[in-house]
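**Student:** Spelled out, the chains give:
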Amino acid sequence: MAIKKFITGNFYDEKVLFPAVTKVRKAGYKLYDVYTPFPIHGLDKVMGQKDTDLHIAGFIYGITGTATAIGFITWALTVDWQLNFGGKPFFSLPAWIPIIFELTVLFAAVGMVLTFCWLCQLAPFVKKDHFSPKITDDTFLMAIECTDKTNEAEAVAFLQSAGAADVKVEHRETGWWFGTYDKDTVKFGKPVPEV
Amino acid sequence: MSLNRYESQARGPLVVGSKDYHQITEDICRPVEAKPSALWWTGFLISAALLIFGIVSVTMEVMYGVGQWNLNKTIGWGWDITNFVWWVGIGHAGTLISAILLLFRQGWRTGVNRAAEAMTIFAVMCAGQFPIWHMGRVWNAFFVMPYPNTRGPLWVNFNSPLLWDVFAISTYFTVSLLFWYAGLLPDLATLRDRAKVKWRKWFYGLASFGWTGSTKHWQRHEALSLVLAGLATPLVLSVHTIVSFDFATSIVPGWHTTIFPPYFVAGAVFSGFAMVQTLLLVTRKVLNLEEYITIEHIDVMNKVIILTGSIVGIAYLTELFMAWYSAVPFEWFAFKENRVNLNSPYGWSYWIMMGCNVLSPQIFWIKKMRRNILVTFFMSILVNIGMWFERFVIIVTSIYRDYLPSSWSTYYSPSLWEVGFFLGTIGLFFTCYFLFSKYFPVIAIAEIKHILKRSGDNFKEAMKTEEEESLEAFEHANAHH
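Keeping their order, the protein sequence lines are chains A and B.
First residue of the first sequence? That's 1 in my numbering, and the numbers climb one at a time after it.
First residue of the second sequence? That's 1 in my numbering, and the numbers climb one at a time after it.
The following block holds chain A by itself, in its conformation from the complex (with noise of 0.2 Å):
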């Protein structure tokens, strides 16, 4: 947890938003991250983003799902207390299939979903400093980074030339911690120091 020093600016159509990240990526600026009230698809792309691997992730806990169903009733009914049900074999795994099925489907989404919540440090209680509260409703925010190398001055003038409204300069705690939002916001991180 670090309270660092960004430069952000507001942008409301796609269009400008584009271009304006190709802009500052080529301009050598650290790109934050670009916050949007929905999913826009192709701008991951256009920052630089890899692709997430939470499908493999997914992929793991189905057959982690789909072991333990076979391994369990296995198990159970040939190993443990073997039950004969009307003269049909102990190891009668059509009849599992549909149990193994389910299980495999269970493991992959609760596994998927908790990663999910796990990758993007997503829980009850949690709160994160957020840069503005129209995030969530029609403003796509950009972020840019302050290194010690970034002239102020100079950034913001580029970003409002790449098409950003409300471009300014700003602390932000970039962790998170437990707390409600119904306080106000308690930073808890350093302060990067100043250039």
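In case anyone wonders, no lab produced these hints; they're calculated from the structure.
Possibly wrong hints are sitting among the right ones.
Stated by the list, open to error - On the chain B side, residues computed to face chain A include the following (Cβ under 7 Å):
1. H22
2. T150
3. G152
4. F167
5. T171
6. V175
7. L178
8. A189
9. T190
10. K196
11. G213
12. Q219
13. A223
14. D299
15. A446
16. H450
Unchecked claim - Below 25 Å or equal to it, Euclidean Cα-Cα: the simulated DSS-like pairs (lysine-lysine) are:
17. B:K216 <-> A:K15
18. B:K201 <-> A:K183
19. A:K4 <-> A:K15
20. B:K216 <-> A:K30
21. A:K128 <-> B:K73
22. B:K196 <-> A:K127
23. A:K183 <-> B:K196
24. B:K35 <-> A:K168
25. A:K168 <-> A:K149
26. B:K35 <-> A:K5
27. A:K26 <-> A:K50
28. A:K5 <-> A:K168
29. A:K128 <-> A:K88
30. A:K128 <-> A:K4
31. B:K303 <-> B:K216
32. A:K183 <-> A:K127
33. A:K45 <-> B:K285
34. A:K15 <-> B:K464
35. B:K73 <-> B:K464
36. B:K216 <-> A:K23
37. A:K26 <-> A:K183
38. A:K127 <-> B:K198
39. B:K35 <-> B:K285
40. A:K128 <-> B:K336
Glycine residues also receive a C-beta, built at the ideal position from the N, C-alpha and C atoms.
Start from chain A and add chain B according to the hints.
**Tutor:** For chain B alone, kept in the frame of chain A given last:
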């Protein structure tokens, strides 16, 4: 580079009126932020009263045993399991809309998916009540779970369709809940950021898990939705398939048939869509959301209703034909004498089912009827009645005359507490729905914003001029680069 994905003028707009992103937020959040209307209170209190009556009915059953219901030998499954299958069926539309239509890239799902998913969850909650309380000694209900116990440990019968049901329904409930809530997170964050009052900030802050709207989070969110949809699609088909196995794996005439799985799934979607129509026609009116749940949405859902209704109709005729063609006298008797014969004790229920499910939806071949709100509302109620009778017919007409004619004499009709239990689940369902429509956005705000520039009224109009341009210029402007 144009970011607007092109959509033909042949499709009607999915968001009516000149909207922008902010206006969408305002429109959908308004009912959540306003004081509930008198109409809301009336509906809520009636539902709560029904729920209380249901609790009383269940209490009677728990205190005095399953004998409080008029179940007899041979009818061990009466209203109770009928209601169970009915509710599970209704619970299928939500996931169909949110998952299958997501995979098929149907833009219209965005207007209705949130409410339909909520409806799914509440319907599955109602469905779950019936097998649980039907156990009689409900304090032993946890015996259905495979846990290390002091009885051996003696494990549950993994070969039994009834146990498959336990896994199917609980998995379905869990996955639907996760899918629904994951989709809700960004919208709850919208409500959090708009909140002015302390408890609202606290509640929506807690509920939105600290959602920020970061691009990386959206990317993962999209991946999550897509994979969950991919998982939920076979899941939704499996659940009603497994419910149909409860019947189809037995040797009771009328149940012992291989077409049950697809027939049940089609019926489930059919009744689920009817319930979605019932709820949304009221919701859009009461919450002033006619611009987001448009006639276009109602029209396409009616098309799904006529499709699935006709599949169900074909299934009815197929099983009738197969009963005769199989040359099994018991099968043919169950159909000819217990169902089709109007003079038999339950013949009337078969023909109510046929009338409501097969004949009446045919009205939707007419476009004018599909787009008529009153007709749609009336039809949605009729379909729900018909689908309830379908389950009643399957259960009661198959078992009230078993292989032993000496036990045929008892006519089964439900007791007050049996009906009360059913009314109670209707109360539970609507109580939950009323609370949901008051405290949560009934339309997926972020998803509507996502399709706005493709399917919004004002944006479509702009595309109209593009459509008249030369093909080359149009392609140049709109192709993905």
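**Student:** Each hint should be assessed against the structure and marked as holding or not.
**Tutor:** Do the hints match the structure? See the list:
Annotation: interface hint on H22 of chain B holds; nearest CB of chain A at approximately 4 Å, less than 7 Å. For T150 of chain B, the shortest C-beta to C-beta distance to chain A is roughly 13 Å, which exceeds 7 Å, and the interface hint is violated. The beta carbon of G152 of chain B comes within 6 Å of a beta carbon in chain A, closer than 7 Å, and the hint placing it at the interface holds. The interface hint given for F167 of chain B is met, as the beta carbon of that residue sits about 4 Å from the closest beta carbon of chain A, less than 7 Å.
For T171 of chain B, the shortest C-beta to C-beta distance to chain A is roughly 4 Å, which falls under 7 Å, so the interface hint holds. Interface restraint check: V175 of chain B against chain A, minimum CB-CB distance 4 Å, threshold 7 Å, status holds. About 5 Å separates the beta-carbon of L178 of chain B from the nearest beta-carbon of chain A, less than 7 Å, and the hint is met. Among the interface hints, the one on A189 of chain B holds; its C-beta lies about 5 Å from the nearest C-beta in chain A, closer than the 7 Å criterion.
Restraint check, T190 of chain B versus chain A: the minimum CB separation of about 4 Å is within 7 Å; hint holds. At its closest, the beta carbon of K196 of chain B sits 11 Å from a beta carbon of chain A; the interface hint therefore is violated under the 7 Å criterion. A least Cβ separation of about 4 Å between G213 of chain B and chain A falls short of the 7 Å threshold, and the interface hint therefore holds. Using the Cβ-Cβ criterion of 7 Å, the hint placing Q219 of chain B at the interface with chain A is satisfied: the shortest such distance is roughly 5 Å.
Taken as an interface hint, A223 of chain B checks out: its beta carbon lies about 5 Å from the nearest beta carbon of chain A, inside 7 Å. Hint on D299 of chain B is violated. Least Cβ distance to chain A is approximately 25 Å, over the 7 Å limit. This hint holds: A446 of chain B has a C-beta 4 Å from the nearest C-beta of chain A, less than the 7 Å allowed. Nearest Cβ of chain A to the Cβ of H450 of chain B: about 5 Å, under the 7 Å cut. The hint holds.
At roughly 20 Å between alpha-carbon atoms, K216 of chain B and K15 of chain A fall within 25 Å of each other, so this suggested pair holds. Among the hinted pairs, K201 of chain B with K183 of chain A is consistent with the structure: their alpha-carbon atoms are about 9 Å apart, no more than 25 Å. About 29 Å separates the Cα atoms of K4 of chain A and K15 of chain A, which puts this hinted pair outside 25 Å; it is violated. Distance check on the hinted pair: K216 of chain B and K30 of chain A sit about 16 Å apart at the alpha-carbon level, within 25 Å; holds.
Restraint check: the Cα-Cα separation between K128 of chain A and K73 of chain B comes to about 62 Å, which exceeds 25 Å; the hinted pair is violated. Between K196 of chain B and K127 of chain A the CA atoms are separated by roughly 17 Å; this keeps the pair inside 25 Å, and the hint holds. Note on K183 of chain A and K196 of chain B: the hinted pairing holds, with a Cα-Cα distance of about 12 Å set against a maximum of 25 Å. At most 25 Å may separate the alpha-carbon atoms for a hinted pair to count; K35 of chain B and K168 of chain A exceed this at roughly 37 Å.
For the suggested pair K168 of chain A and K149 of chain A, the alpha carbons sit about 18 Å apart, so the restraint of at most 25 Å is met. Restraint check: the Cα-Cα separation between K35 of chain B and K5 of chain A comes to about 41 Å, which exceeds 25 Å; the hinted pair is violated. The hinted pair formed by K26 of chain A and K50 of chain A meets the criterion: a straight-line CA distance of about 18 Å does not exceed 25 Å. Proximity of K5 of chain A to K168 of chain A is assessed by CA-CA distance (about 10 Å); at most 25 Å being required, the pair is judged to hold.
Restraint check: the Cα-Cα separation between K128 of chain A and K88 of chain A comes to about 58 Å, which exceeds 25 Å; the hinted pair is violated. For the suggested pair K128 of chain A and K4 of chain A, the alpha carbons sit about 14 Å apart, so the restraint of at most 25 Å is met. Distance check on the hinted pair: K303 of chain B and K216 of chain B sit about 38 Å apart at the alpha-carbon level, beyond 25 Å; violated. With a C-alpha separation of about 10 Å, the suggested pairing of K183 of chain A with K127 of chain A holds against the 25 Å cut-off.
Restraint check for K45 of chain A and K285 of chain B: not satisfied, since their Cα atoms lie roughly 41 Å apart, outside the 25 Å limit. Distance restraint check for K15 of chain A and K464 of chain B: the Cα-Cα separation of roughly 19 Å lies within the 25 Å cut-off, and the hinted pair is therefore satisfied. Between K73 of chain B and K464 of chain B the CA atoms are separated by roughly 67 Å; this puts the pair beyond 25 Å, and the hint is violated. Distance check on the hinted pair: K216 of chain B and K23 of chain A sit about 19 Å apart at the alpha-carbon level, within 25 Å; holds.
Taking the CA atoms of K26 of chain A and K183 of chain A, the gap is near 40 Å; set against the 25 Å cutoff, the hint is violated. About 15 Å separates the Cα atoms of K127 of chain A and K198 of chain B, which keeps this hinted pair within 25 Å; it holds. Distance check on the hinted pair: K35 of chain B and K285 of chain B sit about 17 Å apart at the alpha-carbon level, within 25 Å; holds. About 67 Å separates the Cα atoms of K128 of chain A and K336 of chain B, which puts this hinted pair outside 25 Å; it is violated.
When the structure is compared with the earlier hints, violations turn up for hints 2, 10, 14, 19, 21, 24, 26, 29, 31, 33, 35, 37, 40 and for no others.
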